[in-house]
Amino acid sequence: MIEFTLWDILRNLLLATRWTVVLSLVSFLGGGIVGLALLFLRISKRKSLRSLAKYYIELFQGTPLLMQLFIAFFGLGLFGIDVPAWLAAGLALVLWTAAFLGEIWRGCVEAVAKGQWEASASLGMGWLQQMRYVILPQAMKVAVPPTVGFSVQVIKGTALTSIIGFVELSKAGTVVTNATFQPFTVYGLVALIYFALCWPLSKSSQILERKLNVAHRNH
Amino acid sequence: MSLIEITEVRKSYGATEVLKGINLDVASGEVIAIIGKSGSGKSTLLRCINGLETINRGSISVAGAQLLDDEVHLKALRLKVGMIFQQFNLFPHQTVGGNVMLSQTVVKKTPKPEAEAIARKMLERVGLAHKFDAYPDELSGGQQQRVAIARALAMQPIALLCDEITSALDPELVSEVLAVVRELAAEGMTLLMVTHEMKFARDVCSRVVFMHQGRVHEVGPPEEVFARPQTPELKQFLGLH
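Residue numbers (our numbering), protein chains in the order written: chain S, 6 to 224; chain V, 226 to 466.
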């Protein structure tokens, strides 16, 4: 039987961590872009667009991420579309992230005082100008801590993609365990690596929250 | 011809009618005080004039610009009438100078140096030129309100709507804001103000409009309205029995 050193295990896990990081970044950036589009639909003046975004968000927030992964992976296969695991994983995570970010950001836009809309309107600004110069700069300040906080959920969410066979950190953990028969060591290391990815983000979210609160002390 | 023409304006929120057919013509250079109990519709009327509230019936025009519910017409109208709010509503993420310059550069596309020159001139006018680089939260309420006035003036409106602009201020700060308004009135600016400052209304305004239950109940020059109120409602409002 082959002996595995701790370094052998760690090295293989770290190699797989690259895919966790890539998938997290793709989900977050893609989800951010789609989320921004959802935000604009969600606060649009047209009711049909608002409803469309609302149903989208309710659908993705109201079903488990795992089901969304299964549907992206197996569901499309039923129509004869061959979906590789990485595509299904990326697609489902982008759409899932977008639903949450869109809703977080809507809350931030609505947190801006109504008087700001009225003042900018009475100065003659159109809707897009109000958004661009008055509302979004203020909403963004509020949005930073919850957005960074949610990125932690995205990283942990990538672990689910191991179930459809995408080899990221969790899947690599399973594979390495099957080869080494050392589940405690392997999953312990996996957990530590996740922690090393997530903890700095959680911490920075807390620091940002404190910082931005300080800036708001006079309001 | 009147500068502001308000004709048969009606406005309801659901089943409650808050404006029940308002007629009011304002000539250029007039200073109008709108008084009345809370809930009488005076703020709503003011907010209808620049389209912050949509009207259900009737018409409003300012210097020929009709109030219509689309962005092009609204913008044309809002360039003619400025508005100042009870809560100041300065942009907290911009400096005082930035507040006064923003709409000039964004809406009127005024080049930045020119917008800055206008901003400095307007801030000078309200006595706050030295606060150009300060942020709104570093100013007192009275100073913030004066910046809001400068911001509205920078768009060079032909009329200003003032919605209880001293009601959120500490008593000792009221006079500095009213002094600015008094000066504007003396320079011939057309002003419509909802106010509770009866002494100010008496001293500065050319006409007083008393609103009661969504109607213009009494109109007249301040000496008439305050000294010889015709209706029991106005007598009661003024505390005369």
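Quick caveat, the hints were computed from the structure, so don't treat them as lab data.
Heads up, the beta-carbon is just placed ideally off N, CA and C, and yes, glycines get one too.
Errors might be hidden in some of the hints.
Some chain V residues close to chain S (C-beta under 10 Å, calculated; not the full set) [stated by the list, open to error]:
#	residue
1	LYS300
2	GLN312
3	GLN329
4	ILE383
Computed from the model, here is a short list of chain S residues facing chain V with C-beta under 10 Å [to be verified]:
#	residue
5	LYS59
6	THR68
7	MET72
8	VAL114
9	ALA116
10	ALA118
11	GLU123
12	MET130
13	ALA148
14	PRO150
15	PRO151
16	THR152
17	LYS208
Against the structure, the hints come out as follows:
1. Below 10 Å, beta-carbon pairs count as interface contacts, and LYS300 (chain V) has one with chain S at about 5 Å; its hint therefore holds.
2. Taken as an interface hint, GLN312 (chain V) checks out: its beta carbon lies about 5 Å from the nearest beta carbon of chain S, inside 10 Å.
3. Checking GLN329 (chain V) against chain S by beta carbon gives a least distance of about 9 Å; that is within 10 Å, so the hint holds.
4. The beta carbon of ILE383 (chain V) is not positioned within 10 Å of any beta carbon in chain S (closest approach about 13 Å), and the interface hint is therefore violated.
5. This hint is violated: LYS59 (chain S) has a C-beta 24 Å from the nearest C-beta of chain V, more than the 10 Å allowed.
6. Contact between THR68 (chain S) and chain V, as hinted, is not supported at the beta carbon level, the nearest pair being about 37 Å apart and thus beyond 10 Å.
7. For MET72 (chain S), the suggested interface contact is broken, since its CB lies about 41 Å from the closest CB of chain V, more than 10 Å.
8. The interface hint given for VAL114 (chain S) is broken, as the beta carbon of that residue sits about 14 Å from the closest beta carbon of chain V, more than 10 Å.
9. The interface hint given for ALA116 (chain S) is broken, as the beta carbon of that residue sits about 13 Å from the closest beta carbon of chain V, more than 10 Å.
10. Taking 10 Å as the C-beta contact cut-off toward chain V, the hint placing ALA118 (chain S) at the interface holds, the least distance being around 8 Å.
11. A cut of 10 Å between beta carbons decides the hint on GLU123 (chain S): the least distance to chain V is about 6 Å, and the hint holds.
12. Taking 10 Å as the C-beta cut-off, the interface hint given for MET130 (chain S) holds, the closest approach to chain V being about 6 Å.
13. Checking ALA148 (chain S) against chain V: minimum C-beta separation of about 13 Å lies over 10 Å; hint violated.
14. Below 10 Å, beta-carbon pairs count as interface contacts, and PRO150 (chain S) has none with chain V, the closest being about 17 Å; its hint is therefore violated.
15. Because the smallest distance between the Cβ of PRO151 (chain S) and any Cβ of chain V comes to about 19 Å, over 10 Å, the interface hint for this residue is violated.
16. For the restraint placing THR152 (chain S) at the interface with chain V, the shortest Cβ-Cβ distance is roughly 18 Å, beyond the 10 Å limit, so the hint is violated.
17. Interface restraint check for LYS208 (chain S): the shortest CB-CB distance to chain V comes to about 26 Å, outside 10 Å, so the restraint is violated.
In summary, the numbered hints that this structure violates are 4, 5, 6, 7, 8, 9, 13, 14, 15, 16, 17.
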